[in-house]
Amino acid sequence: MEKKIRILIAKPGLDGHDRGAKVIAQALRDAGMEVIYTGLHQTIDQIIQTAIQEDVDVIGLSVMSGAHLPICEKLTQKMKEKNLQDILLIIGGVIPKRDIPLLQKMGVHGIFPGGTPFEESIKWIKEHVRCET
Amino acid sequence: MGVARYIKNEKDEVLDVILQSGIHIKPVYTQKDLEDIGFNPQEDLALPGEYPFTRGIHPMGYRSREWTTRQYTGFGTPEETNERFKLMISHGQTGLNVAFDLPTQMGLDSDDPLAEGEVGRVGMAVDSLRDFEIAFKDIPLDRIGVGLTINAVASIMLAMFQATAEKFGFKKDRVSATPQNDILKEMIGRGAWIFPVQPAVRLIGDTIEYSMKELPRTNPVSVCGYHIRESGCSPVQEIAYAFQIANTYIEEVLQRGYGIDDFVRGFTFNLNVFGNLWEQVAKFRAARKLWAKNLKERYGAKDNRSLLLRGIFGGGGYGMTKAQPENNIIRGAYYALAAALGGAQTTALCSFDEAYTIPTPRAALLSLRTFQILMEEIGLRDTVDPLAGSYFIETLTKQMEEKIVEEMKRVDEMGGMIKAVETGYVQREVARQAYEFEKGVQKGELIKVGVNKYTEGEEMEVELHEYRWESAEEQIKRTQAVRRERENRKVTQLLKELEGAAKAQKNVMPYLLECCKAYATVGEMTKVFKEVYGEFKEPSIF
Numbered sequence: 001m002e003k004k005i006r007i008l009i010a011k012p013g014l015d016g017h018d019r020g021a022k023v024i025a026q027a028l029r030d031a032g033m034e035v036i037y038t039g040l041h042q043t044i045d046q047i048i049q050t051a052i053q054e055d056v057d058v059i060g061l062s063v064m065s066g067a068h069l070p071i072c073e074k075l076t077q078k079m080k081e082k083n084l085q086d087i088l089l090i091i092g093g094v095i096p097k098r099d100i101p102l103l104q105k106m107g108v109h110g111i112f113p114g115g116t117p118f119e120e121s122i123k124w125i126k127e128h129v130r131c132e133t
Numbered sequence: 001m002g003v004a005r006y007i008k009n010e011k012d013e014v015l016d017v018i019l020q021s022g023i024h025i026k027p028v029y030t031q032k033d034l035e036d037i038g039f040n041p042q043e044d045l046a047l048p049g050e051y052p053f054t055r056g057i058h059p060m061g062y063r064s065r066e067w068t069t070r071q072y073t074g075f076g077t078p079e080e081t082n083e084r085f086k087l088m089i090s091h092g093q094t095g096l097n098v099a100f101d102l103p104t105q106m107g108l109d110s111d112d113p114l115a116e117g118e119v120g121r122v123g124m125a126v127d128s129l130r131d132f133e134i135a136f137k138d139i140p141l142d143r144i145g146v147g148l149t150i151n152a153v154a155s156i157m158l159a160m161f162q163a164t165a166e167k168f169g170f171k172k173d174r175v176s177a178t179p180q181n182d183i184l185k186e187m188i189g190r191g192a193w194i195f196p197v198q199p200a201v202r203l204i205g206d207t208i209e210y211s212m213k214e215l216p217r218t219n220p221v222s223v224c225g226y227h228i229r230e231s232g233c234s235p236v237q238e239i240a241y242a243f244q245i246a247n248t249y250i251e252e253v254l255q256r257g258y259g260i261d262d263f264v265r266g267f268t269f270n271l272n273v274f275g276n277l278w279e280q281v282a283k284f285r286a287a288r289k290l291w292a293k294n295l296k297e298r299y300g301a302k303d304n305r306s307l308l309l310r311g312i313f314g315g316g317g318y319g320m321t322k323a324q325p326e327n328n329i330i331r332g333a334y335y336a337l338a339a340a341l342g343g344a345q346t347t348a349l350c351s352f353d354e355a356y357t358i359p360t361p362r363a364a365l366l367s368l369r370t371f372q373i374l375m376e377e378i379g380l381r382d383t384v385d386p387l388a389g390s391y392f393i394e395t396l397t398k399q400m401e402e403k404i405v406e407e408m409k410r411v412d413e414m415g416g417m418i419k420a421v422e423t424g425y426v427q428r429e430v431a432r433q434a435y436e437f438e439k440g441v442q443k444g445e446l447i448k449v450g451v452n453k454y455t456e457g458e459e460m461e462v463e464l465h466e467y468r469w470e471s472a473e474e475q476i477k478r479t480q481a482v483r484r485e486r487e488n489r490k491v492t493q494l495l496k497e498l499e500g501a502a503k504a505q506k507n508v509m510p511y512l513l514e515c516c517k518a519y520a521t522v523g524e525m526t527k528v529f530k531e532v533y534g535e536f537k538e539p540s541i542f
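Chains as they are written, first to last, in this note's numbering: chain A, 1 to 133; chain B, 1 to 542.
There may be inaccurate statements among the hints.
[What the hints assert, rightly or not] Pairs of lysine-lysine residues, derived as DSS-like cross-links and limited to a Cα-Cα distance of at most 30 Å, are as follows:
| id | chain 1 | residue 1 | chain 2 | residue 2 |
| --- | --- | --- | --- | --- |
| 1 | B | Lys-496 | A | Lys-3 |
| 2 | B | Lys-496 | B | Lys-172 |
| 3 | B | Lys-477 | B | Lys-537 |
| 4 | B | Lys-477 | A | Lys-74 |
| 5 | A | Lys-74 | B | Lys-137 |
| 6 | B | Lys-453 | A | Lys-97 |
| 7 | A | Lys-97 | A | Lys-126 |
| 8 | A | Lys-78 | B | Lys-477 |
| 9 | B | Lys-171 | B | Lys-137 |
| 10 | B | Lys-537 | A | Lys-74 |
| 11 | B | Lys-477 | B | Lys-443 |
| 12 | A | Lys-126 | B | Lys-453 |
| 13 | A | Lys-105 | A | Lys-74 |
| 14 | B | Lys-213 | B | Lys-506 |
| 15 | B | Lys-530 | A | Lys-78 |
[What the hints assert, rightly or not] Chain B is faced by these chain A residues, among others (derived, beta-carbon under 8 Å):
| id | residue |
| --- | --- |
| 16 | His-17 |
| 17 | Val-23 |
| 18 | Tyr-37 |
| 19 | Val-94 |
| 20 | Gln-104 |
| 21 | Gly-107 |
[As the list claims (entries may be wrong)] Which chain B residues stay away from chain A? Per the calculated CB distances, all over 10 Å, these:
| id | residue |
| --- | --- |
| 22 | Asp-12 |
| 23 | Asp-36 |
| 24 | Asp-111 |
| 25 | Gly-189 |
| 26 | Glu-214 |
| 27 | Ala-301 |
| 28 | Ala-323 |
| 29 | Glu-402 |
| 30 | Lys-453 |
| 31 | Arg-486 |
| 32 | Leu-495 |
Note that these hints are calculated values from the structure, not bench results. Just so you know, even glycine gets a beta-carbon here, dropped at the ideal spot from N, CA and C.
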């Protein structure tokens, strides 16, 4: 049997708008993934720790406040320090088009601004996570 | 944005319309519908300004007074915010509604490591009284009421506001603040919570009790169905949950030995306007009636002024789209129309660029002009409750009323709103519906023009508000200077007294006022509360 993809949906920082995080969490679960939701107000260290503890394949950030650049900069740096490069990092939320190349340069693998169809995100994740059998 | 489901046949004829609240709309309404639903013009309607206030809380509606316009405003430093306040007032805005940045909402000072990257981003940074002195400089606080959109630390911000007013020489019985101060809705839908439920509700009780005695023109709580609706619930649940939250705060004050008529007229509501136009108008009319009944029948209120549902009906954030953003100008106009037909006392609109970031001055002014056009050109001041007596609207109003009552009962059966939030029931219910809604949009069952129908491909460029990193640096410098220059021994002493009051469960407001006057920071006062009260733990909802 194929191993289920494990994904951590994380709300970093102070932003409490979690409609999007909870909606995508339900969609990914319905698509057969194992979803862990961090809850609100997580520090970067807490997110990294949960990702290691839960042995996830993917970290999915949800950011609505506009602080995605400083958050991703810190997170990608910490992930390098901890040798977590095999975990896919993706982000959703209020992400202006002009910030997409900046995020990619930092090492964010997938960017899904608000309104991206579930199908698209699910397909992308399934294609990019190399599942062990 | 379309929130009703349209069932059609192959010839594109509409066979059924199902509102988000679950009500089916008929093609034609007649006198018989009113008879079938038991409509009684005297009991269900009466005149505007008369119980049960379905038609409005003022006998003359907008003829006696236009609505107050209060765009949500604030960003960067207090200087930048003060400038924007003055701009809006110079263009005819009649109230203020302060947006605070996330660190301030979470009780963190601007130089706290957790605040990094967030200072001044989604609102103005406020650390100490010095910031309010700058933000409200030259604002006539005896004429302009001020909404303070803050919840977990609303008690601190209300004290800060009073200290500012005093400093500028305004009498405390002349100034009017409306702190949002609704922590239960933060736990359900907006997420800016800090303390556990019980002490958080007690803090709200403190602000209500204090305002009743010290700040007679202040509305100490603005109960927000708004954010719960933004998070995914139906218009019926928006009202039912808001009323049950309000009832929780009422009971907190009643158990301190006060009578309902002593304080409840300080309650206001913040309700949403996006969605099906008719459903919104019926919602506001049903809500006014049920609030009056709730106070009379459940709490025995006798004073007519206690029975009035006052509030800000506006926003509409979830209806706005990133795709084809100019469409949001048009949406906003219809949402504002719903607010006007619903008899809003106060209004505000999300600006057309707010799906991207906080508004530019141009976008904020367009929202203001929308209200001015409705009131001064289109005819919304002409007559009170113009849709009254319509077979359709009166039937729908009564159907909404019945559904709100049912939903309120569900919460009662669960043991009240505190239980419903602590167990995660409401959060689960809201998240489930948000998911269903999004599925409906993605399948094209709920139409969003420009998103899933009439799309244009290429995203258009909009001029956006730019975040200034220098604002954060300036803010941190100022707060560090305040800490150096104030009388630190006095601050330490006052914070200790605040701690004593919190531990003894005394009303903390007088202690907060003294702390604010001595330039204690929001972070320092919040830290005292965190040590005494602890922090809220989110119930797992998956």
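Comparing the hints with the structure gives:
Distance check on the hinted pair: Lys-496/B and Lys-3/A sit about 56 Å apart at the alpha-carbon level, beyond 30 Å; violated. Between Lys-496/B and Lys-172/B the CA atoms are separated by roughly 26 Å; this keeps the pair inside 30 Å, and the hint holds. In summary, the hint linking Lys-477/B to Lys-537/B is not supported, as the alpha carbons are separated by about 33 Å, beyond the 30 Å threshold. At most 30 Å may separate the alpha-carbon atoms for a hinted pair to count; Lys-477/B and Lys-74/A meet this at roughly 23 Å.
Only pairs whose Cα atoms come within 30 Å are accepted, and Lys-74/A paired with Lys-137/B is rejected, the gap being roughly 38 Å. Distance check on the hinted pair: Lys-453/B and Lys-97/A sit about 21 Å apart at the alpha-carbon level, within 30 Å; holds. Our distance criterion of 30 Å between C-alpha atoms is met by Lys-97/A and Lys-126/A, whose separation comes to about 24 Å. Of the pairs offered as hints, the one joining Lys-78/A and Lys-477/B holds, with about 28 Å between alpha carbons and a cut-off of 30 Å not exceeded.
For the given pair, Lys-171/B sits about 16 Å from Lys-137/B by alpha-carbon distance, which is consistent with the 30 Å threshold. The hinted pair formed by Lys-537/B and Lys-74/A meets the criterion: a straight-line CA distance of about 26 Å does not exceed 30 Å. For the suggested pair Lys-477/B and Lys-443/B, the alpha carbons sit about 51 Å apart, so the restraint of at most 30 Å is broken. Straight-line distance between C-alpha atoms of Lys-126/A and Lys-453/B comes to about 28 Å, which keeps the hinted pair within the 30 Å bound.
Taking the CA atoms of Lys-105/A and Lys-74/A, the gap is about 13 Å. The hint holds against a cut of 30 Å. This hinted pair checks out: Lys-213/B and Lys-506/B have alpha carbons roughly 15 Å apart, not beyond 30 Å. With a C-alpha separation of about 29 Å, the suggested pairing of Lys-530/B with Lys-78/A holds against the 30 Å cut-off. The interface hint given for His-17/A holds, since its Cβ lies 6 Å from the closest Cβ of chain B, which is under the 8 Å cut-off.
Nearest Cβ of chain B to the Cβ of Val-23/A: about 5 Å, under the 8 Å cut. The hint holds. Using the Cβ-Cβ criterion of 8 Å, the hint placing Tyr-37/A at the interface with chain B is satisfied: the shortest such distance is roughly 6 Å. Here the hint on Val-94/A is kept, as its CB sits about 7 Å from the closest CB of chain B, short of 8 Å. For the restraint placing Gln-104/A at the interface with chain B, the shortest Cβ-Cβ distance is roughly 17 Å, beyond the 8 Å limit, so the hint is violated.
The interface hint given for Gly-107/A is violated, since its Cβ lies 18 Å from the closest Cβ of chain B, which is over the 8 Å cut-off. With 10 Å as the threshold on Cβ separation, the claim that Asp-12/B sits away from chain A holds: the shortest Cβ distance comes to roughly 25 Å. Every beta carbon of chain A lies more than 10 Å from that of Asp-36/B, the smallest distance being close to 38 Å; the non-interface claim holds. Remark: the non-interface label on Asp-111/B is consistent with the geometry, its nearest Cβ contact in chain A lying 15 Å away (cut-off 10 Å).
Under the 10 Å C-beta cut-off, the non-interface status given to Gly-189/B relative to chain A is violated; the minimum distance is some 8 Å. Residue-level check passed: Glu-214/B sits 30 Å from the nearest beta carbon of chain A, beyond 10 Å. Under the 10 Å C-beta cut-off, the non-interface status given to Ala-301/B relative to chain A holds; the minimum distance is some 34 Å. Not every CB of chain A is more than 10 Å from the CB of Ala-323/B (nearest about 7 Å), against its label as outside the interface.
At the 10 Å boundary, the C-beta of Glu-402/B stays outside the reach of chain A, the nearest C-beta of that chain being 28 Å off. The Cβ of Lys-453/B lies farther than 10 Å from every Cβ of chain A, with a closest approach of about 14 Å, so its non-interface assignment holds. At roughly 26 Å from the closest C-beta of chain A, the C-beta of Arg-486/B stays outside 10 Å, upholding its exclusion from the interface. The beta carbon of Leu-495/B is kept farther than 10 Å from every beta carbon of chain A, the shortest such distance being approximately 23 Å.
Violation of the numbered hints given earlier is confined to hints 1, 3, 5, 11, 20, 21, 25, 28; the remaining hints are satisfied by the structure.
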